[in-house]
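For chain S, the structure is supplied; the task is to place chain G on it using the hints.
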Amino acid sequence: MKRFLKYCLQLTLLVVLVLSASLFFVPDVVSENSILAALPDKEKELAQLGPGKIVFVGGSNLSFGLDSKTISDSLHKPVMNMGLHAGIGLEYTARNIVRFAEKGDVIVLASEYENFYTDNFYGEMELVSVLFGIEPDGRALVDIRQWRHLAPYIPTYSAKKLKNFVPSLWQRHKQLPVDIYHRLSFNRYGDAFVHWQMPDQDYMPCTRNSGKEKLNPEVSVFLQQFRQDLVARGARLLMLPPVIDREAFAAQQTMIDSVTYMLKKNDMAYIQEPVNYAFEKPYFFNSYYHLNKKGVDIRTQQVIRDLKPYILNNNP
Amino acid sequence: MLFNSFEFAIFLPLVFLLYWFVFHKSVRVQNIFLLVAGYVFYGWWDWRFLFLIAFSTTLDYTVGRWLGSEQNARRRKLIFMLSIIINLGFLGFFKYYNFFVDNFILAFSRLGYHLHAGTLKVVLPVGISFYTFQSLSYTIDVYKRKMEPTRDFISFAAFISFFPQLVAGPIERAFHLLPQFYAERRFDFQLAVAGMRQILWGLFKKVVIADTLATYVDQIFGNYAHLPGSTLVLGAVYFAVQIYCDFSGYSSIAIGTARLFGFSLMTNFSYPYFCTSVASFWRHWHISLTSWFRDYVYIPLGGSRGSLFRTTVNTLLVFTLSGFWHGANWTFIIWGLLNGLFILPHVFRTHLLKQRPAESTSPLIRFVQMAFTFGLVTFTWIFFRSSSSQQAFEYIHGIFSRSLFTYPVQHGMAMTLPLIAVLFVVEWMRYRQVSWVQPPRLHPVLRWSVYLIMIITCLAFYKQNQAFIYFQF
Numbered sequence: 001m002k003r004f005l006k007y008c009l010q011l012t013l014l015v016v017l018v019l020s021a022s023l024f025f026v027p028d029v030v031s032e033n034s035i036l037a038a039l040p041d042k043e044k045e046l047a048q049l050g051p052g053k054i055v056f057v058g059g060s061n062l063s064f065g066l067d068s069k070t071i072s073d074s075l076h077k078p079v080m081n082m083g084l085h086a087g088i089g090l091e092y093t094a095r096n097i098v099r100f101a102e103k104g105d106v107i108v109l110a111s112e113y114e115n116f117y118t119d120n121f122y123g124e125m126e127l128v129s130v131l132f133g134i135e136p137d138g139r140a141l142v143d144i145r146q147w148r149h150l151a152p153y154i155p156t157y158s159a160k161k162l163k164n165f166v167p168s169l170w171q172r173h174k175q176l177p178v179d180i181y182h183r184l185s186f187n188r189y190g191d192a193f194v195h196w197q198m199p200d201q202d203y204m205p206c207t208r209n210s211g212k213e214k215l216n217p218e219v220s221v222f223l224q225q226f227r228q229d230l231v232a233r234g235a236r237l238l239m240l241p242p243v244i245d246r247e248a249f250a251a252q253q254t255m256i257d258s259v260t261y262m263l264k265k266n267d268m269a270y271i272q273e274p275v276n277y278a279f280e281k282p283y284f285f286n287s288y289y290h291l292n293k294k295g296v297d298i299r300t301q302q303v304i305r306d307l308k309p310y311i312l313n314n315n316p
Numbered sequence: 317m318l319f320n321s322f323e324f325a326i327f328l329p330l331v332f333l334l335y336w337f338v339f340h341k342s343v344r345v346q347n348i349f350l351l352v353a354g355y356v357f358y359g360w361w362d363w364r365f366l367f368l369i370a371f372s373t374t375l376d377y378t379v380g381r382w383l384g385s386e387q388n389a390r391r392r393k394l395i396f397m398l399s400i401i402i403n404l405g406f407l408g409f410f411k412y413y414n415f416f417v418d419n420f421i422l423a424f425s426r427l428g429y430h431l432h433a434g435t436l437k438v439v440l441p442v443g444i445s446f447y448t449f450q451s452l453s454y455t456i457d458v459y460k461r462k463m464e465p466t467r468d469f470i471s472f473a474a475f476i477s478f479f480p481q482l483v484a485g486p487i488e489r490a491f492h493l494l495p496q497f498y499a500e501r502r503f504d505f506q507l508a509v510a511g512m513r514q515i516l517w518g519l520f521k522k523v524v525i526a527d528t529l530a531t532y533v534d535q536i537f538g539n540y541a542h543l544p545g546s547t548l549v550l551g552a553v554y555f556a557v558q559i560y561c562d563f564s565g566y567s568s569i570a571i572g573t574a575r576l577f578g579f580s581l582m583t584n585f586s587y588p589y590f591c592t593s594v595a596s597f598w599r600h601w602h603i604s605l606t607s608w609f610r611d612y613v614y615i616p617l618g619g620s621r622g623s624l625f626r627t628t629v630n631t632l633l634v635f636t637l638s639g640f641w642h643g644a645n646w647t648f649i650i651w652g653l654l655n656g657l658f659i660l661p662h663v664f665r666t667h668l669l670k671q672r673p674a675e676s677t678s679p680l681i682r683f684v685q686m687a688f689t690f691g692l693v694t695f696t697w698i699f700f701r702s703s704s705s706q707q708a709f710e711y712i713h714g715i716f717s718r719s720l721f722t723y724p725v726q727h728g729m730a731m732t733l734p735l736i737a738v739l740f741v742v743e744w745m746r747y748r749q750v751s752w753v754q755p756p757r758l759h760p761v762l763r764w765s766v767y768l769i770m771i772i773t774c775l776a777f778y779k780q781n782q783a784f785i786y787f788q789f
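Chains S and G supply the protein sequences, listed in that same order. Here my numbering is used: the first residue of the first sequence is 1, the next is one more, and so on. Here my numbering is used: the first residue of the second sequence is 317, the next is one more, and so on.
The list that follows gives simulated cross-link-like pairs (lysine to any residue, SDA-like), each with its CA atoms no further than 25 Å apart:
hint, chain 1, residue 1, chain 2, residue 2
1, S, 6, S, 16
2, G, 460, G, 407
3, G, 779, S, 33
4, S, 6, G, 762
5, S, 2, G, 341
6, S, 6, G, 326
7, S, 6, G, 509
8, G, 779, G, 527
9, S, 42, S, 300
10, S, 42, S, 73
These aren't lab readings, by the way, just hints derived from the structure by calculation.
One chain only, chain S, in its complex shape:
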């Protein structure tokens, strides 16, 4: 038995050693060109905008769903679309934005619904990629409680890094084309635009709520704090429903109602009814959260209409 346990321990240590080495010393060859790598680029653009800007915060329903230039032209305000990927999680995305908030800014939070009722809130593999491959400084924004949720992703992330790194040794000079999920697929407003000229792709439908889902109780506490932090810096928070395809909306209806109710109860109601952001399937590109160009145009006009009263009249 001792021999068996010794072997098991040795093998475990060996695996831990290799994974640790990979985590800290092996370059993340995939993430460094992926959309996640656009986060520092977007932050750089955002930092240059100055006060009085409109900042959209959320996941890929924003990055693949807005024409920020049109919004900027219509509302006469500088606009930055910080939406990237729901897997980064609402907690990190929101916390990260506070440091950029300035007097007169309007922060529009349009997070995917899953961020309110699944562990998506804390972030998933994408956040681990950001923290270890893209933005190591961001680790300071993550507390122990959040690390606990991220921990299961870390061994997988280290192993994936290694898996991607090994073939890159002999494909080092191979230039990857700028596809829809490339770092360079965003314009200077932060909108993904490469897919605007592409034909739509089929996508998996949304899983229907089973009835067992529960709102994450930490979300409402977190959002209250987030709003306070923004107000302390002279900025405002507006809650906007994410865009979603109508079938997915129906599949998630129970939880969407719960999210809407929770926000209302916390005096943070959506500025528009969620159903008005449930679009028909032909407006979607390759996911029930990603719009094609037609969808982007319609959603952009809807957003302008919804934001106008708050921006122009400076409504609270």
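Just chain G now, kept in the frame of chain S:
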């Protein structure tokens, strides 16, 4: 709790250490501990299911004792029938209630009568078909006086809820596994090491191959109407490999885990895709279920001892039932029936020759036979994978079109084809028992490197919440 989850990665070492270091004083204590571990493992899904397994255990234990003491043949039969009805009643209710109600209403609506009956939101308890069949095998064997009824309730309960094989088999026979719960168990280094290797290979098959293929299978089956025939063929082949790696991966992990605790489970897969006929395939695929149906349904019906007509009916009946066992859907019934039909040429030849046809010794002929058998089996998997029989027929219709001769839409071929190649090469070498690739023969540095690479690869391909296909049965 899934085998491929972080919960299980903590649960297994914990149970292992407690089993050998804390609860090792006596077999009884070990069995009580295994029983508790089994209930924790099963209750992890839904604690309410525990009542069901506890009831099933108590019922079959009581029936076994009753059958053992009762001498009157008529009363014995009555007790036996009662047990069968209750066991199958539970299975029928949880698994087939809505299917029968829906089809009953549909049949009447075709006749012009519109009935309204409520279907229930019945939650299917994980692995109910597996432990019900395992429990039934005990009752049947006691009834047929093939084994003595147990007087040790703890051992019997631990046998039914033995966590490595509780939710997806192998469906063990009481006469094979139950006596192992009575015997003293000592830690065996070689057995444990072999178990660990089997767990690792099982995880590799599931996490690396099956789950990777699953992504493309879902895409292809989800969009079959828009894809060329060649891609649909690719999708069917992917699924054939996916289901093999998924299910045999589970069985490998189950058998390996049982070995860590000093138990030996039956082999469930024996290189089925290298078989040269569909009949042979079924002797090597899901062996525990096939042999269950053979021993408890096919042979009692008369097996192949009667006329050719009777043998044919028995064969088709058993395969249809086997299909129905998998799930309450016409797709499974058609899948079972098709397999039965594909076996019939073998049945006819055996009946006429009065012995099993000899296998060819020519490598080329054997290869052609293997490829043909793989093709037939893959064809049947289309029904198994489709969500409805209509989808399956449309899928097949899509295959047999002009687009069959076009180059398939990529769908991850650069990733999947090397994985499939690795699987078949490794399995072939194991099948042929190539000695230099047997782990004990490898140089320790090479052997440990292989382990390390396999573990890292499993982690690199790991996706959360990827359940095993057979859990739904």
